[in-house]
Each structure stands twice: as structure tokens, then as C-alpha cells.
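Trainee: Read off the chains here:
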Amino acid sequence: MLAVVLLAALAVLDGGFAGFRVAAGRNASVRKWANGYYPRAIGRGAAAAGCLLTVPGLVGLGFSMGGGADLPRVLGAAAPSMLAVVGPYATIVLAAFLPWTLFGVEVRTLVSVVVFGPLTLVRPLVVVTGWAWVWVAHGWGPAAAVLGAGAAGVLGIERVLMAWPAVRVRGVAGRASEG
Amino acid sequence: MSGRDNPEISDVVVSFDARTLSRRAVLRDDAAAALTRAWPRRIVRRLVADVDGVLDPGAVDRELVAAHRELQRLNEEFQQGARLRAVLRPLVALAQAQGLARPRIVDVGCGIGFAVRWLAAYGGLDAELVGCDFNPALLGEAQAAAAADGLDCHFVRDDAFSPRVGADVFTSCGVMHHFRDEGLAQFFAGQARGLAFVHYDIAPSPLAPIGAALFHFARMRVPLARHDGIRSALRAHDDTALLTAARGALPDFVIGVYDGPRSRLSLTKVLRPVVGVRRSLAESFRRGLGRRARLWRC
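Protein sequence lines, in the order shown, are assigned to chains A and B.
Its first residue numbered 1, the first sequence is counted upward by one per residue in my numbering.
Its first residue numbered 1001, the second sequence is counted upward by one per residue in my numbering.
Check the hints yourself; a few may be wrong.
Said to hold, decoys possible - Chain B stretches covered by chain A per the calculated footprint, using a threshold of three residues with CB under 8 Å from any CB of chain A:
1. 1079-1085
2. 1110-1117
3. 1143-1149
4. 1207-1217
5. 1266-1277
Because the hints were derived from the structure by calculation, they are not lab data.
A quick note: this is a predicted structure, and the numbers were derived from the prediction, not measured.
C-beta atoms are modelled at their ideal positions from N, C-alpha and C, and glycine is treated no differently.
Kindly generate the complete structure, drawing on both the sequences and the hints.
Mentor: Structure follows, in C-alpha cells:
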């Protein structure tokens, strides 16, 4: 079940990043870290991801209550397949923060150009591939349904966050109304 | 008109009288007709217009402000503030050595004033920081953001070609590619009274349009911002065009490209500045740059 826990943790972490991305480019302040705008956005994203995890939870519950599915066992068997795809992606993204934090302008720019930008674009593809790999390796069943619901939540989180009033109200003026 | 000269949406949806800075009405159909491709035309046709087809200035301004906020996000990601500060520090020291206690830095075509506000927050420059733009909506956003952050800088309405606000150092970011031919020469000529200038713009390369498309789709949501960002990379002037225009307009300046791409595949030199300094001050500026003087290629 470690793989399931890791996937859930990655979903929450991804939610934090999604919160940042959705908030970025909507507020003209140059002190967005210091004034709490980005920290709040990241927290909001992670919290939303945590809430969205209830969807695969409910799907799993439905299968369990329907009987016949030993969900912990099939999920535990299938989750490593998804982790095999999304894990390396997450590792690269997280590892890139090391040079970004330690070095100056040129390295930060290089990390953005080579890692952060392109990997943001391929993120949906990675999530879908991870889920497809589960389906291919383990066939359609409760595990594919639960992990599919989780993947759908990850893919939809930015839309959910964009609907948040503090994000919809754009810019400096909107900051006052943000909680 | 060559493909390279095709305008951006932001060039055609607003029009200001250069003399009075008053806003002219823009017909949506005229704006769309000025664009050669279907994608930007679709974006323009979605903008609100009145029964006579005149674009709603408020709707256009909201779109432009949103686009500039997203552009600021890219400037933040590519460390544009820190890059600008590195060049301005020796220029401010140079101006102070000329007896100017608090030299004035003016950002021409500042948009929502990211560079000025960043310098006010993190620049550590003992200088008066001013942003100028002809669009009051963008200036309003700049002023509001500066006030919210408690920054010591201000913004004035002015024309990029002949800024009435005097400056010791002129600067800009992503403005030069909006001007072609005589317009580019005029832009530089308007700054003849300053001691120096630092004008950043996209470094054209085979990778620039690809990188621009990647980042504008990864980071931006406003269609106008996406289109214009990619278009900017296609319209960017090469070093020769910029230096020819600048040197022709400002013969009393020593002018060169600073810290530009070292190869056509350079990944981190997304933007590079043309830096000019009055001839009499050029050697002092080189000394001020120290080891980085080799990056100023004149």
C-alpha cells in the first residue's frame, strides 16, 4: 500500500503546485511570497487536492460495498504501475528545485527553460500515461477505476482552483478580498 | 508587409494620439483586418464592441492588464529584475560620480511597471524610479500595485518616442520589437538627453519562437497574451538592426549588446539588452562593470 500512499501524497503536492500556477500571473504585486499570496495559493491547491482525493476514495468504497473486490490488494498491486510513470516525473521536478535554490540567475533560468516549463506542458500526458499503464498492466477493474478517478482529479484541479473567487478576482484589487 | 512585421493584437486594439495622448476609437473590424492570421482575428472578434463596432475601451484595457500580469509572471520566472539591476548598478554609480545624487531611471513603455516596482522593492539602487506608458489603464495597475506593496516609485503618462519626463538612464523591456525601421530610430532618438540607456528585448534565434510558444502555452491563459508573446519572438530585432538604429540615432553614445546569446541555441539568454552610454562616460562604465565588461560587445 506504500505506492498508494505515495500517489496520494504526490497528488496533494501536485495540488500545491497547481495552486501556485493558477495564482501566478494574476497579481501584479512584487511581494507575492512575503505578503502571503503565493503561500495561500499553494495551501489552497494542496487542500483542494486533498478534498479531491475523496472522489477515488468514494469510488473505492463503492466497489468494496458492491462486494467481490479485495480493494486493498488489487490497489496495492496496481498502484506501483502508475507510480513507475509519475514517480520519475515528480523526482525530476523536485530535484530541479535544488539547483534552482542554490544557484543564481542563469541557473534558475536554465532550470525553468529545460525543466519547469516543458514538464508543466507534459504533465497531463504523464498522468494519463500513468493511468493507461495501470489499465494495460492490470486490466479494467476496481484499481483502474479508483486510480482513474484520482488521475481525473489531478487533471481537473486547475479548473477547480480557477473557479475560486480569490483567483477569479484578478490582480491587486482582488488581494484585499482574499482570505 | 513581411510575416516578421505582422503586428501584435495589442498594437491594433488601442490607438492614442502621440501629441495629446488622447485615446482614439478603434473599430473591431479594422483591428481584425490589420491582423493577417485567423487566430488573432478570432481573439479580436471576441472583444466587446458597441453597436457601431467600436471596441469597448474598458474591455480592451481589462484584457491588456490581464495580459501584462501574465507577462510579469514570465519576467519573474526569467529573473528579469535581477538581470536589469546588474546593468543598472554601475550606471547609477556612474551618474552619481557625475554629481547626480539620486539619478532618475525611467522605464519607457513600462506597462504595469514590473521592472520599476521590482527595482523599488529589491534593486537597492539610490535612484528615482519612474515608469512611463501611454495607456492609463496599465499605469493605474502599476500605481495600485506599487501602493499596495508600499514602494517608492511613480508612474507618468508619456510617449515612448519623445518622453517628456527627463531621465538620466532610460530603460525598457520588450518594447523595441513593437517598432520597425524609422520608428526604432525615433525611439532611440527620444533618449538623446540621457546619460545612458538599457533596453531589453527578446534575443531572436531559431529556438526563440519554439520557446515562446512553449512558455506562453504553459504559463499564460489570456489568449491575447499567448498570441502576442509568441508573435514578439517572431518580430524580435536582431543585434545588427538594433545597433544600426541606435548608433544612427545617438552618435554621441557608445552602444553595444550586453550579455547576449553566445550561440544561436543559447537557452538562458531569452532577453538581452542594448546598452548605450555617453561616449565621455564609456570607459568609466567599463571599469564599473569590472570583469563583466567583456559582456558589453560594442
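Trainee: Please go over all the hints and tell whether each is borne out by the structure.
Mentor: Status of each hint after checking the structure:
For the stretch 1079-1085 of chain B, the stated coverage by chain A is satisfied: 4 residues place a CB nearer than 8 Å to a CB of that chain, which reaches the threshold of 3. For a cut-off of 8 Å, the count of residues in the stretch 1110-1117 of chain B with a CB near a CB of chain A stands at 3, and the three-residue condition holds. Given as covered by chain A, the stretch 1143-1149 of chain B passes the check, having 4 residues with a CB less than 8 Å from a CB of that chain where 3 are the minimum. Note: the stretch 1207-1217 of chain B has 4 residues with beta-carbon separation from chain A under 8 Å; the three-residue rule is met and the coverage holds.
Counting residues of the stretch 1266-1277 of chain B whose C-beta sits closer than 8 Å to any C-beta of chain A gives 3, which meets the bar of three, so the coverage hint holds.
The earlier numbered hints are all upheld by this structure, with none contradicted.
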